[in-house]
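Undergrad: Single-letter residue listing:
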Amino acid sequence: MKAQQDEVNDLVKAGYEHGFVSNVASDTLPPGLDEDTIRFISAKKNEPEWMLDYRLKAYHHWLEMEEPDWAHLRYDPIDFQAISYFSAPKKASDGPQSLDEVDPELLATYEKLGIPLEEQKALAGVAVDAVFDSVSVATTFRQQLADVGVIFCSISEAVHEHPELVREHLGSVVPHTDNYFAALNAAVFSDGTFVYIPEGVSCPMELSTYFRINEAKTGQFERTLIVADKGSFVSYLEGCTAPMRDENQLHAAVVELIAMEDAKIKYSTVQNWYPGDENGVGGIYNFVTKRGDCRGDRSHISWTQVETGSAITWKYPSCILRGDDSVGEFYSVAVTRGHQQADTGTKMYHMGKNTHSTIVSKGISAAHGQNAYRGLVRMGIKAENARNHTQCDSLLIGDQCGAHTFPYIEVRNPSAKVEHEATTSKISEDQLFYCRQRGLKEEDAVSMIVNGFCKEVFNELPMEFAVEARKLLNITLEGAVG
Amino acid sequence: MLSINNLHVNVDGKEILKGLNLEIGRGEVHAIMGPNGSGKSTLSYVLAGREGYEVTAGEILFEGRNLLDMSPEERAWAGIFLAMQYPVELPGVNNMNFLRESLNAIRKARGEEELDAVAFMKLVREKAATVELDDKLLKRSVNAGFSGGEKKRNEILQMAMLEPKLAILDETDSGLDIDALRIVAEGVNLLRSPERSIIMITHYQRLLDYIEPDFVHVLADGRIIRSGGKELALALEEKGYAWVLEEDAA
Ligand SMILES: Nc1ncnc2c1ncn2[C@@H]1O[C@H](COP(=O)(O)OP(=O)(O)O)[C@@H](O)[C@H]1O
Ligand SMILES: [Mg+2]
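Order-wise, the sequence lines are chains A and B.
Residue numbers 1 to 482, in the working numbering, belong to the letters of the first sequence in order.
Residue numbers 1001 to 1250, in the working numbering, belong to the letters of the second sequence in order.
Don't read these hints as lab results, they were simulated from the structure.
It should be emphasised that the depicted structure is a prediction, and the values quoted were computed from it without experimental measurement.
One thing to keep in mind: the hints can contain errors.
[As the list claims (entries may be wrong)] No farther apart than 27 Å at their CA atoms in a straight line, the calculated lysine-lysine pairs in the DSS-like style are these:
id: 1; chain 1: B; residue 1: K1122; chain 2: A; residue 2: K441
id: 2; chain 1: A; residue 1: K353; chain 2: A; residue 2: K455
id: 3; chain 1: B; residue 1: K1139; chain 2: A; residue 2: K471
[Stated by the list, open to error] Below, a sample of chain A positions facing chain B; criterion: calculated Cβ distance under 8 Å:
id: 4; residue: K382
id: 5; residue: M448
id: 6; residue: G452
id: 7; residue: E468
By construction, the Cβ of each residue, glycine as well, lies at the ideal position given by its N, Cα and C atoms.
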């Protein structure tokens, strides 16, 4: 109905909360990419020779590659020469040694985002690493973590302080040859987070990284590497925001997870990059490669993502189920409104015996949003008795949006079982009327129904982040009644 | 407290209610009976403010306020409750949470304090017992996978929690076996009060054996064509609708 459609449109126009720009003096490389850019980044970080070699190898490989065009996405070609590949907040020394050295404006920025870096104010039990444009500015709770042998630092520091771990694992899950954006990231990655959990240690707190793109015309290419040694456990959360800008900004991250025997990694993302305005101007292009390697027997990797931001999202957090009895999980809520487009899903590569994977994908489209689920389940020759269950649900709000599902299934072992269920529904007029008859305002009714739709995924998030995710979803869909 | 005058309603361009008049006083229980398709559910939706029902003429006053100017939630806040003929499923929405949000929304609109978790739980348990609704159903998603009888009992539970001034029960008895019917009817009887008016839409006399109405109306072809006391229901049970329709045509 017409009236309803107008309301949908209003709802969808709700603003972006994190769209402010911080006045932080910064060292920004002029736009452009060539070998010198890479040498500059590497020199700026005082990197060892092997790191520079790795970057250059990746860069030369990237030059040979073509940008992929198979995703269900539409955007103008990205001009990789128009992007600045390095931007760091200016500071006296080479890097902030403690929070006292961090620009107060920067701290204020994180405060505004609801991420206090001062330890006394930090969320109880959550250690935070904050990446501002290209550089990690602070890592909290360092000492408490070090006491149990957990390493949690920026990847730049890890290159210097734990070179053997970084050299052994960097690129071992997502090689620089993997795909176009992964190759670019390997060449120019500026910072990111490194985590190592030693054998038998259950990390005593949630680890968390907040990424923020502040400078205009910069790209953010962070690199995350998490290694969970035998029998260890870690829960990690990543959150992202960016200011409102008219031009598109590129975010091409790589995340690698490695779980040894009996280890478990729980990786949760709340992605709220600037999505562009209601006419589709501006916003972050989010091209991300995330992959976990269940290297040891009985290892377990679980991805949970709540994707509400970005103009374009292209990401498929995946699991390589190499160890016997290993478990891979993917729980996803992806919301597209305005002119947002998302092509997201997962890949589960079953290699070991008795490997199990679960995929729960909830796509929500409002206004002109386009939401595609793309998932691959591959049962390898040796994947005796492997199991997959996929549940893929789409919810449409209004009638100008779209939901698309592209499941790919390859089974090479006859004992393997794959189940796929998919549904598409609309928030029905029945449901809205029922809620309103019981006294709920229309937008509260929508939020209740949408939250109900996402429940299985939110249940997977650590408690405080589930609350955040719910709030974010409500803000995102404010005014989007249908 | 409710006064419907010359109500004409179109659905998809077709006239369904054709000049309906009805007066309901405080504390009265009215039964509305009538053949299938005569417009009973349409009337209940119009009272509750559902979209898609176009009022082309007439007015509805509720405690002196013009009901037609109010949104569905405003009507709920004012004390109108509709137990639906086909209660809606809300997958993933916890039944207990739904009740709580609903109750608090209504309390807030009335300027009352929200109930805290403890007081709320106590109230739900107490009310759920009156309709013999299993605790398990409170923990499930609203109506999702409930049997027909469970859905209807859940509706009565909501009504008991929300304590409306005007409750409209649209075929709450249909699809119920005799035990479920008795439970639902007892639930409704508990809610009878001099402060609460009830409109019971039903097809069958048997509900009226359990809940005794003060007035009975026959709705046919979009109008109330006859009103009377409970003896009218008995006559309808015995002789069907045909004679009323004939007398009306004459
Ligand atoms: N949403 C609708 N769209 C089209 N026709 C409808 C709709 N709802 C009801 N009607 C029609 O209106 C008339 C009255 O229906 P209803 O009020 O449900 O009757 P009752 O409840 O008395 O059985 C019927 O002819 C029915 O087909
Ligand atoms: Mg009906």
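Undergrad: Going back to the hint list, which numbers does this structure go against?
TA: Violated: hints 2, 4, 7.
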